[in-house]
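Protein chains: 2
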Amino acid sequence: MIAIPGGFVDVGESVEEAVLREVSEETHLPLTIDKISQFRVYSDPSRDKRRHTVSVVFRCHGDSNDVWKLKKGDDAKSVVLVPVLEVLNLNLGFDHKQILSDYIKTYYPKVAQLVDASSSTA
Amino acid sequence: MIAIPGGFVDVGESVEEAVLREVSEETHLPLTIDKISQFRVYSDPSRDKRRHTVSVVFRCHGDSNDVWKLKKGDDAKSVVLVPVLEVLNLNLGFDHKQILSDYIKTYYPKVAQLVDASSSTA
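From first to last, the protein sequence lines are chains G and A.
Note that my numbering has the first sequence beginning at 280, numbered continuously upward.
Note that my numbering has the second sequence beginning at 280, numbered continuously upward.
So that you can see chain G by itself, here it is in the shape it has in the complex (with noise of 0.2 angstroms):
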């Protein structure tokens, strides 16, 4: 199973920290406030099997000089770069397609068509 980089948020911590903090446990990848943005919260209750979870979900623009930085944290079996085109293809845990899908509609409206036209004749 693949999912978005992602934890809760301590008490005590912005959302904003805890994205900081949480991309950096699980990617290490470097990131700063300047980098991310608010996307989208998620709240349906049956989202996450475990217990009611609600999602703030972030944008981050990362630096490519910083790709080769990449590698897996503690808690993750591997870190993946995955292609626009093909995250949906992939097998994503909770409601990850239903984010990454709204995500690429909202960014990637070009990209959101070609992945549409080819799911519709696959």
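It is worth saying that the hints were derived from the structure and are not from the lab.
A portion of the hints provided could be inaccurate.
Given that identical chains are not distinguished, each listed pair holds provided it fits within a single copy or across any two copies.
[Claimed, not checked] Straight line, CA to CA, 30 angstroms or less: simulated DSS-like cross-link-like pairs of lysine-lysine:
hint	residue 1	residue 2
1	328	384
2	348	328
3	314	376
4	389	356
5	328	389
6	389	314
7	328	351
8	389	376
9	314	384
10	314	351
11	376	351
Once you have looked at the hints, place chain A on chain G.
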């Protein structure tokens, strides 16, 4: 003290369902899911003196005919409708002045300029 209508999400309820419920309870304004959209998440640990809370702020598109249905809920002294040009002059609770300032800059940039101009000459 004046505050934006809101409240806590119940376990088993999406944030969208919580918005419809809280607005109905606190203002008696009828809203439907198609009339609300997410604006931004506020999570600074110091934003609420009582404890660390995270708020998902929504934009609600009301029907002007429904203004007459506005009626305070049990936990409020009154409910008021405030012109956007005047809202930042109110004694707002929590970080609601920050929220409304961000909101006006995003959706009413020309009003934001007017408000800035009037506060710098006051």
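Hints, one by one, checked against the model:
no.: 1; hint: 328 <-> 384; verdict: within (26 angstroms within a copy, 39 angstroms between copies)
no.: 2; hint: 348 <-> 328; verdict: neither (32 angstroms within a copy, 40 angstroms between copies)
no.: 3; hint: 314 <-> 376; verdict: both (23 angstroms within a copy, 25 angstroms between copies)
no.: 4; hint: 389 <-> 356; verdict: neither (32 angstroms within a copy, 50 angstroms between copies)
no.: 5; hint: 328 <-> 389; verdict: neither (33 angstroms within a copy, 45 angstroms between copies)
no.: 6; hint: 389 <-> 314; verdict: both (24 angstroms within a copy, 27 angstroms between copies)
no.: 7; hint: 328 <-> 351; verdict: within (24 angstroms within a copy, 38 angstroms between copies)
no.: 8; hint: 389 <-> 376; verdict: within (18 angstroms within a copy, 38 angstroms between copies)
no.: 9; hint: 314 <-> 384; verdict: both (21 angstroms within a copy, 21 angstroms between copies)
no.: 10; hint: 314 <-> 351; verdict: within (21 angstroms within a copy, 42 angstroms between copies)
no.: 11; hint: 376 <-> 351; verdict: within (21 angstroms within a copy, 41 angstroms between copies)
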